[in-house]
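Residue numbers (the working numbering), protein chains in the order written: chain Z, 456 to 610; chain H, 69 to 362; chain W, 162 to 820; chain B, 4 to 281; chain E, 47 to 378.
It is worth saying that the hints were derived from the structure and are not from the lab.
Nothing false has been slipped in among the hints.
No more than 25 Å apart at the CA atoms, straight line, and that leaves these computed lysine to aspartate or glutamate pairs for DMTMM-like:
id: 1; chain 1: H; residue 1: Lys362; chain 2: B; residue 2: Glu188
id: 2; chain 1: E; residue 1: Lys324; chain 2: B; residue 2: Asp70
id: 3; chain 1: E; residue 1: Lys117; chain 2: H; residue 2: Glu170
id: 4; chain 1: E; residue 1: Lys210; chain 2: E; residue 2: Glu48
id: 5; chain 1: E; residue 1: Lys210; chain 2: E; residue 2: Asp192
id: 6; chain 1: H; residue 1: Lys302; chain 2: W; residue 2: Asp767
id: 7; chain 1: B; residue 1: Lys94; chain 2: W; residue 2: Glu741
id: 8; chain 1: W; residue 1: Lys428; chain 2: W; residue 2: Glu333
id: 9; chain 1: Z; residue 1: Lys572; chain 2: B; residue 2: Asp278
id: 10; chain 1: E; residue 1: Lys117; chain 2: W; residue 2: Glu274
id: 11; chain 1: W; residue 1: Lys269; chain 2: Z; residue 2: Glu463
id: 12; chain 1: W; residue 1: Lys758; chain 2: B; residue 2: Asp266
id: 13; chain 1: W; residue 1: Lys775; chain 2: B; residue 2: Asp74
id: 14; chain 1: W; residue 1: Lys428; chain 2: W; residue 2: Glu530
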Amino acid sequence: MSLTEGFEPKIIAFCCNWCTYTGADLAGLNRMKYPENVHVARVPCSGRVNPQFILRAFQKGCDGVMVCGCHPGDCHYSTGNYFTRRRFMLMKRMLEYNGIDPGRFHARWISGSEAAKFRDTVAEVSERLRKLGPNTKYREALREGADAGKGGAGI
Amino acid sequence: MARPGGAAAAAKRPVAEAGPGAAREGNPLLPAMCRVIKITDETPDVKTFRIQTADGAKPFDPMPGQLAMLSAMGVGEAMFSVTAKGEDWIESSIKRVGLLTEALHGLSEGDMIGVRGPYGNHFPVDAIKGRDLLFVGGGIGLAPVRSLIRYALERREDYGSLDVLYGSRSYDDLVFKSDIFENWPAVCNTHITIDNAEERWDGHVGFVPSYLEEKAFSPENRVVVLCGPPIMIKFCLESLMRMGFSKENVITTLEMRMKCGVGKCGRCNIGSKYVCLDGPVFTMSELDGLPDEK
Amino acid sequence: MSRIGVFVCHCGTNIASVVDPDRLTPAAREMPGVVYAADYRYMCSEPGQQMIKDSISEHGIDRIVIASCSPRMHETTFRKMLKGTSINPYMLEIANIREQCSWVHADKGRATEKAIGLVRMAVSKVSKNEPLYAQSIPITKRALVIGGGIAGIQAALDIADAGHEVVLLEREPSIGGKMAMLDKTFPTLDCSACISTPKMVDVGAHPNIRLMTYCEVESVSGYIGSFEVAIRQKARYVNHDICTGCGLCETKCPVKVDSEFNLGLSKRPAIYKLFPQAVPSKPVIDSESCRMLKDGKCGICAKLCPLGCIDYKDEARTVTESFGAIIMATGYQLVDWAAMYGEYGGGRYRDIISGLQFERTVNAAGPTEGHILRPSDGREPETVVIVKCVGSRDPKKGKSYCSRACCMYAAKHAHQILEKLPGSRVFIFYIDVRTPGKGYEEFYDQTRMDGAVYVRGRISKIYEEDGGLVCQGEDSLLGSQVRVRADMVILETAMEPSQGIEGLTSMLGAARDANNWIQEAHPKLRPVETQVGGVFLAGTCQGPKDIPDTVSQASAAAAKVIGLLNKSEMETSPMISAVERDKCSGCGACVGICPYKAITLQEIDDRLGAKRIKREVASVNSGLCQGCGACTAACRTGALDLLGFRNGQILEEVDALCL
Amino acid sequence: MSDRQEKMRQSAEKLLRDGEVGYVIGWGATRFCDRTTPVFIDSPEGAASLVWNEHAVNSLAKYLLDDKYPDKKIGLFARGCESRAVNRMIKDNQVKRESLYLIGVPCDGKSSDRCRLCRERNPLVYDVLLWEPEANAAPADRFERVRGVEAMSPDERYRYWGGVYDRCIRCYACRNACPVCSCRECYVDMGRTGFQGKQHSRSDNQIFGVTRAFHVGDRCIECGECERACPMGLPIMGQTQKMLKEINELSGEYECGLDADSDSFLGRFDLDDKDEFM
Amino acid sequence: MELKKDRLLEALALLREGSDVALPLPADDGGEPAFRLWDGVQEPFLGSNTSLPPKELLFPRSEGMYGYNLKTGELSDILPEARTAVFGIRPCDVKSIENLDHAFLEKGYVDSYYRARRDGLTTIALGCSEAARTCFCDSMGVAPGDAPGADLMMNDLGDAYSVKANTEKGEAVAKLWEGLLSKGGAKAPAAPACGFSVKADDSLPDRLTARFDDPMWDSLSKACIGCGCCSFICPTCYCFDIGRENRGACGTAFRCWDSCMFSDYSRMAGGHNPRPSKKERLRNRYLHKLAYFSQRYGATLCVGCGRCIDKCPANLDITRVMDMMEGVDANG
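Required output: the full structure, derived from the provided sequences and hints.
Shown next, in the form of structure tokens:
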């Protein structure tokens, strides 16, 4: 039995309020189906996403992280996502350079109308992470018994 | 590897033998979970918390001036003076200044709070027996003094005259209003002042140091317990010197950042003294012998 | 500890049929800080809201999480509900368990697990929420319209008619803009001046409109509701307070320079009105060409003027005015085709003219009094070639975009030539013919029936030969080379944003698109707004368009402004950036990131030990900040944070998901 | 060498005697002949203790941040690396050019590994130049070490950096030595926001390392002070250099501190930036 | 008794059967040597002292203190259970452990975490046969060739180590090694001279504190960059911070190394900082090392290992202040 069998990845998606979050809502409205792995954290703009959030997500136990925003040029705030693009182009490379598998971090432009793209992206990323298995890199070590309600996070 | 020196040093001062820290397998850094049973709003940014153990007992029996390490679980710990104790409770009055005190202010009655202590030395209650006592406080500085006032009032016959001179920026910022306006005036002399005149205030207006000089307390057989913001202390001390008090007879309490409370973490030293162990109560002449890093 | 209430909505069966409230609600109860959790069929309904309100007071709840449909649906509803309780409306988070959970997942067990995760995230986040208070900013009930073309005229009239004061600012001596230069308008062929000049007159006479011609914007500060605009009145050298516009001065001026209005096809004096129907109908002196102003010798006009209006010592003045809203109606200009197309002679051949020059030529009030004559020899052309998309749809040389109006005016020009010069021949070289408009296709058909010959292809070269112009190109339908010998060539050139747009937009903080047009706030849903609050768009400054579109956009922008000015104050969202000055080192990394120019470095007094110092810190203008949070990600120290989406709140969400 | 040292002493002495500057930051001797320490000379007589030799290794620029609002100008001996730091500090609005007196001292190469990547020995900005510019030595291959790490597999890379950060003691010498780290309060010291745990664990150390790289990477002047300061000898420049390498690949030749005007990479954008997030 | 050098690993392996064994070991990639847990194979690094002190064995960089549950209020102690034998520890570092004992175990309170680790620690010291140029331990009352505070003392005799038990724990080790030890009469060679010496007599603390307001602290601290390097590589710096890490309703309180050189170390919640600049912080650190500790516990906190001199990014040197005190008396 492989390590990854039956494994369901935990994915956080930082989605901008105006495009991707709306696109995700539209996917719901259209009753599209996608895997349960992705949890959306709503932010006003993808430019709000601090690269440190991504590090934190890996540290605390996310298996994958997505940053999604409006397509360049369509930003509700006009230029926010151009900064997103630069920032995360570098961040992605830094993560890979530090040994994080490229499949674990994804930035995507998904507009408010691209419900299908949201669904497909979520499905694709979930599937990819299912194959990659649980992330152990950057992950904080959990102290034994931490989940038993006795104590908390690791040392 | 017990060291004889340690035991000898311990004998000299009150140590948390009865406290929850000592009781729990001797780990002095482990708090005890207690409950907030009553919260009093003193001023817009000061609240008084009455604390009791889970089974309804007093968390520990502190002497006047001693400290308690209180923790908002999951947020942090900080040291506060115990302002009063009762049969089965202790009280601390806490001003909102940072992350932790903000969390403590967010507590409701019935919530849990971590407690360890008591820490530090205490007011020299025996040495000042028979003396006239003048309590001088400013702002939240009345909090540590309150424990001694209560102590003296409970043992009224042990002490001479009792005067409380207390001031604050405004009427709203006066703490322990029921004490200073109702309880204490009946049993001792109270002198209350605020910095600037207000419509609803018909009492004294002016700063504490000048009020102090105005009142012209005699230094004869009198001990002053002084606590408040550094600038007030500085000017009060000058006034007291002018009035003929000696530094040996002026007692204050210090505040420093503390993490462990038991003289280990290194934070609260002033020279070779640790405020959490050797303090917080010092006479002004003792402080003169310490480096000026307060 | 916070006292959190969690309210789980079934949304009928929309949520409850997939997400199990009987698992979700007890799970919420176990989360740290949660003192109460309940579920209900419809939380947004009257009884649902009442239940929340009752629970708040009953359980001493100080913040709530509602697990329901998307916050885009009911966040405002629930915020409003909280206004009637002890809780600040921003002590609320919504866990989206419908659109992003029950509707998209089929497996009940797993969907419920996910819903628990989403609620946990919301609970963690809300534990760090803080009360926020909307600020209200007063609205100055005055509008500034920049640009006195048809867009600006229409917008100004609409706003003024609604009862608000308007300043209409124009940098030329007269309003009227490009429409005043046109002869006829497609597809109805009504006279352009006949329909636009009455509007110009209305503007001049409207009690609510103050006309400021020959003026330019010098600086803009402030924000929606209270802009401070410094306006520079250029020196006119003619006292308009007493001038009656008799026109005597113009007649004897010895100077003759190219007329801007007639695009160099005729001359004008140094003291001049832009055109006969100018509004205001009073002249100005062009200081560049006036002999008196240049050399101190002349002074004829001053001698002639019966009222003594001429003042050679006049100077430019700057006045600062307050406005609640600004409409940008700065229009377009035509590209400088000569600089782009060397193969068309680069401006050497006088008989190659632009479409706008043709408008002046064919106009009865124009230099030829409406006779179509070649500029070179004043002869009537027999063969005219019209070239479309000169500079448009030509990413290599010009603009990649379509200028939208040229197809139609090319057809109009062809029609006018064929009508005025019977027997003449018109060839129109085109890439495509685009006629999406009421009556447009019919007009194009009519032009072809009139005899205009449409040739699909670009003209690759024009050269002079035997007193004519040889136009060489490819007929891309036939796939063969075409050569046409023409007497006159009309280039239907591309529109581009008016000169000076860069300065103006950067003063306002408004963005421009890749082609320098002003960027609308949203291409579909907010087409007449900019991303700067209180700054609106009318006409071609936003992109090429024809007159009907321009006028409708102008009215739309006016409607937005009227809506704004009808309020005496407006609430701004409190979810904006805030600076912790103690932490800010004044590095300015945020300043350049902000799309709204909402952050500036401000000098503050501070102490460094005993020393008093002045240091710079970032300062957020709450009127300009729109709450995107881009600055916060650029702030390394975390001195800037976004209220409502603080770093700490988002980190809490991340942590909570990972439990 | 000693001729130059003499020039430096004379220059400092004159500046102090003339009251042109409040003090001069230079190098002085220590107990050990092969080490110098930064010194702050505030009297003309003190200038005699200035030292210039191959062990004058420490970059002096960072000390400007200790005195951002000086009453008098600060005299600073500036080599290429100090001048690039000054440029960056001016751009970051941390120091004002007019409050500095930069005494240009073209560098003749120092006995430190940090000079390995030096591409500019001569000061790019100065008020006076004490001697003729030096020829720049051919620097080591700028991104050689980065390529070495890139060549590893993801797991190897993780092991490599994990090993590095296991040894990090979080003393923040890298941060405190870095002329580009100019926050009034570093994010790691702000428990309130909670970006960073204070625990000394591999994951917290790693997060500090990557975050630091991200905070300074697009402004890094490649002076190597961080690595020189690191008591554990960790190859931490490998992080900031990776940032620079990527920026170079994404937007063309990119080097920081060459002037005091250029925006940093993350502080601006280009509509035509590569887009791989479609 | 003596232990032939070629039997050292055998001896250590014997130790490892009953407890963890820590040795000075180089980092995997040749980085700074430190005391690390021995895997049973690696050769110890004995050429010079380690860059990192052995204090981690007693006072880890981070350690859990207790867990708690926010919902139930449950608390649970996390007391370490460590049994470690450390070999190759130098006399200066043995002295540093004596100092840590003062700090953690005396003056009324006993630190339970330290106590547990300390009880489980056996120190096997190795006398120095060569001094680094930054060494000045003999000026600080440490004999480079002898560590009376160690459980077991060993000295390099060339091809063997002399072995001498000082305590019961040490005797237990000697007993464990019985089969490997041989009688040896060779005397340890004379201890080497330190790299340099400074004057640090009993009057130093009072002479220093008398200079509390001296302007020398300004000049001494100017070049300091305010990092925590000196504190963290110091064998006797024991300051710590207490923090919390939450995971939902559960959390752990932990403590970790802290440095009095950090600006937020003494800053109070309201913003007041009694030691606002690096001058006050450096002064406090130096005085703590050279004066306050002795005034409180009767032992100098600086053991002369020279690590801070070696590693300071600004090449600061704590002994400079001692030099400056030459000829200065306690009355200023």
